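Protein chains: 2
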Amino acid sequence: LKTIPLRLGLRSYDIIVGYGITPGLGRFLKRLKLGSDAYIITNTSLKARFGPSVANSLKKSGRNVRFKVVPDTEESKSMAVASLVINDLASYDRLKRVFIIALGGGVIGDLAGFVASVYKRGIPYIQVPTSLLAQIDSAIGGKTGVDLEKGKNLVGAFYQPRLVFADVKLLKSLSRRQVSAGLAEAIKYAVIKDKQLFSFLEKNLSGLLALNPKPLEFVVARCASLKAAIVSKDEREARGIRTVLNFGHTLGHAIEAAGRFKAYNHGEAVGLGMLAAMEISVALGLTDEGALRRVEALIQRAGLPVRIKGVSPSRIVACHYHDKKFVGKRNLFVLSCGIGKTKIVKSLPLEVILRAVRKRIQSPTL
Amino acid sequence: LKTIPLRLGLRSYDIIVGYGITPGLGRFLKRLKLGSDAYIITNTSLKARFGPSVANSLKKSGRNVRFKVVPDTEESKSMAVASLVINDLASYDRLKRVFIIALGGGVIGDLAGFVASVYKRGIPYIQVPTSLLAQIDSAIGGKTGVDLEKGKNLVGAFYQPRLVFADVKLLKSLSRRQVSAGLAEAIKYAVIKDKQLFSFLEKNLSGLLALNPKPLEFVVARCASLKAAIVSKDEREARGIRTVLNFGHTLGHAIEAAGRFKAYNHGEAVGLGMLAAMEISVALGLTDEGALRRVEALIQRAGLPVRIKGVSPSRIVACHYHDKKFVGKRNLFVLSCGIGKTKIVKSLPLEVILRAVRKRIQSPTL
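Taken in order, these protein sequences are the chains called G and C.
Using our numbering, read the first sequence as starting at 661 and increasing by one per residue.
Using our numbering, read the second sequence as starting at 661 and increasing by one per residue.
Simulated from the structure, these hints should not be mistaken for lab results.
Treat the hints with care, since some could be wrong.
Only pairs whose alpha carbons sit at most 25 Å apart, straight line, appear in this in silico SDA-like list of lysine to any residue [claimed, not checked]:
hint	chain 1	residue 1	chain 2	residue 2
1	C	LYS1006	C	SER859
2	G	LYS693	C	ASN991
3	C	LYS693	G	LYS693
Under 7 Å between C-beta atoms, here's a sample of chain G residues computed to sit facing chain C [what the hints assert, rightly or not]:
hint	residue
4	LEU668
5	GLY669
6	LEU670
7	SER672
8	LYS720
9	ASN724
10	MET739
11	VAL741
12	ASP748
13	ALA750
14	TYR752
15	ARG781
16	LEU808
17	GLY816
18	ILE901
In this text the structure is predicted, and so the values were computed from the model without any measurement.
Ideal Cβ positions, reconstructed from N, Cα and C, are used throughout, including at glycine.
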């Protein structure tokens, strides 16, 4: 069991990473001076699988428990579902003693965090991430939000949880595809910040795909530490430090959107986005072909696509142009200067981007 | 023209109070480094009345302007309207240069502030309050929110504006009843914090009701200063300092709710709530009958009810029990220790509250 502190003054909190630690959740909450009533936001299958052990642990530490089940789809990240949840929460919460537990992946974490941020102008919440992607990335750092017709995460807040509780044993519920998607974010951390982690991933990839506890716990804790360090220096992405986390995401989001969020899941799109960013980095002479090939090999071994299929380069560039990260008329790219190092480049010409994207397109003859 | 600074570190801002200052709004915004695109949330009648002069001032200082009209009812403070507004805002905002102007009273200010707080995890907004109540109170301090079926302001955030711009000339659009409602909040500030202001109100009440610029500007600026001082010491109502602002509101909200938000408007209910709080204060020996009579006389001269009609005391107490300010099982009352002084009392027995409420009920024979 590892405890990683995320330091943010009065909003500081711990990230707990371990294997089979769920029965101890109630004990960890004791230090936090929360209310007596836990409101657990989750979905049907997660409730069936983990609900009893989470609820038992909470009840043993003297809490009341209520579950709120939301659909297991991206549609749960909407104002409509948020409204339903908040009304239900209000009927449960009579005496201002309620706190929220997000038991789920990125969708549930983002929704629950948003609900916690706006209900009565903010109540405490705990992240209990059940996907690798959430344990490594989305449960940490306080970015919460729901989607609008006009775009993803257009509504939200920066609102930090009081605890992130990552039991890697929960990851056994994941499909292989979901594990691969999570590994994409782990690879991202390695490429932007941690050469040693990159080597570790290369050596332990099959163990990770098999969900072996030791390497899994190591990787989740390492990524959590890297994210915690970045967030504590730049909570609101205002100083350009948190920006490095967007490596692979700028074009990744565009690839996701261009595929209408069906062709690729987030992790897969980020993998492709990282490769496109590597292509740009090579084209600009920031890093060499060798680094690109190493990243490509690792992404491929993680079970992720390395070539874009069925989406046109021009559509990707058009989606990129409408991304909310596109500040003013200038784009902003996190590029690689070799594994473990990054450079932020502004106002990249669209031709450069287009050329890089074209290089990642599956050629018809392959 | 008066400039009142509200000091909150990086979130500090100015409150500008003056008469006929709207044509200068664009100039004031220049210092704030806002984007080029103003998104003005207002209602149809306010747009017709003040829209042209606000828009002209902004255009002269080189901004683009888009109006968004919402219904002139409390229903605009809903998740449904917030969603509609945010989707519309997203279609206007392409290049992350948009900021919001709330041109209206409390409903529009609360809605616009909430939208600003959650859109893309927070964009800047400006309060241009058009009601006396908003100029004196609700536009200042960053409490934003929308209502749910289960209760008012259940969804919201603490999110500070970048400027509060109070042109008392705009108050000419108000009905007499709306002016009276605003005066209730002014009386509240005087009772809790400022004996001199109380005397000023006693001397200048007819001038205020006639909307004479001089006393109006004085009172708005004075109340704004008092609120600014309180908010800068306790932004999130976490230290018990901001709590004094709830004087008259604890039972006021209950009276509003007991009357199903139709019998009394907010200011009227606060007036009655203050009188009930004064009754409790007298009953507990914190202040004397004389202070109660002075407050009662002033409230009456302001055109506000001083007796509760058509709502039963037991229903008021029941509504009070369900108020979101009711922490744990203990209530929290701001009581008066004579004009200008307060005391916060916890866990008041319900009989004491009931007796005070009964004293303010209109007796059938009167």
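Against the structure, the hints come out as follows:
Simply put, LYS1006(C) and SER859(C) have alpha-carbon atoms about 30 Å apart, too far for the 25 Å limit, and the pair is violated. Distance hint between LYS693(G) and ASN991(C) is fulfilled; the C-alpha atoms sit about 20 Å from each other, no more than 25 Å. Taking the CA atoms of LYS693(C) and LYS693(G), the gap is near 41 Å; set against the 25 Å cutoff, the hint is violated. With a cut of 7 Å, the hint placing LEU668(G) at the interface with chain C is violated, because the nearest CB-to-CB distance is about 15 Å.
At its closest, the beta carbon of GLY669(G) sits 12 Å from a beta carbon of chain C; the interface hint therefore is violated under the 7 Å criterion. Checking LEU670(G) against chain C: minimum C-beta separation of about 10 Å lies over 7 Å; hint violated. Against a cut-off of 7 Å between C-beta atoms, the interface hint on SER672(G) is violated, since the closest Cβ of chain C lies about 16 Å away. Taken as an interface hint, LYS720(G) does not check out: its beta carbon lies about 22 Å from the nearest beta carbon of chain C, beyond 7 Å.
For ASN724(G), the interface hint is violated, since its Cβ never comes within 7 Å of a Cβ in chain C; the closest pair sits about 14 Å apart. Against a cut-off of 7 Å between C-beta atoms, the interface hint on MET739(G) holds, since the closest Cβ of chain C lies about 4 Å away. Annotation: VAL741(G) was flagged as interfacial toward chain C, and the flag is violated, the nearest CB pair being 11 Å apart, outside 7 Å. Taking 7 Å as the C-beta contact cut-off toward chain C, the hint placing ASP748(G) at the interface is violated, the least distance being around 9 Å.
Interface restraint check for ALA750(G): the shortest CB-CB distance to chain C comes to about 4 Å, inside 7 Å, so the restraint holds. Nearest Cβ of chain C to the Cβ of TYR752(G): about 10 Å, over the 7 Å cut. The hint is violated. The interface hint given for ARG781(G) is met, as the beta carbon of that residue sits about 5 Å from the closest beta carbon of chain C, less than 7 Å. Because the smallest distance between the Cβ of LEU808(G) and any Cβ of chain C comes to about 6 Å, under 7 Å, the interface hint for this residue holds.
Evaluation of the GLY816(G) hint against chain C yields a held restraint, the C-beta minimum of about 5 Å falling below 7 Å. The beta carbon of ILE901(G) is not positioned within 7 Å of any beta carbon in chain C (closest approach about 17 Å), and the interface hint is therefore violated.
Checked against the numbered hints listed earlier, the structure breaks hints 1, 3, 4, 5, 6, 7, 8, 9, 11, 12, 14, 18; every other hint is satisfied.
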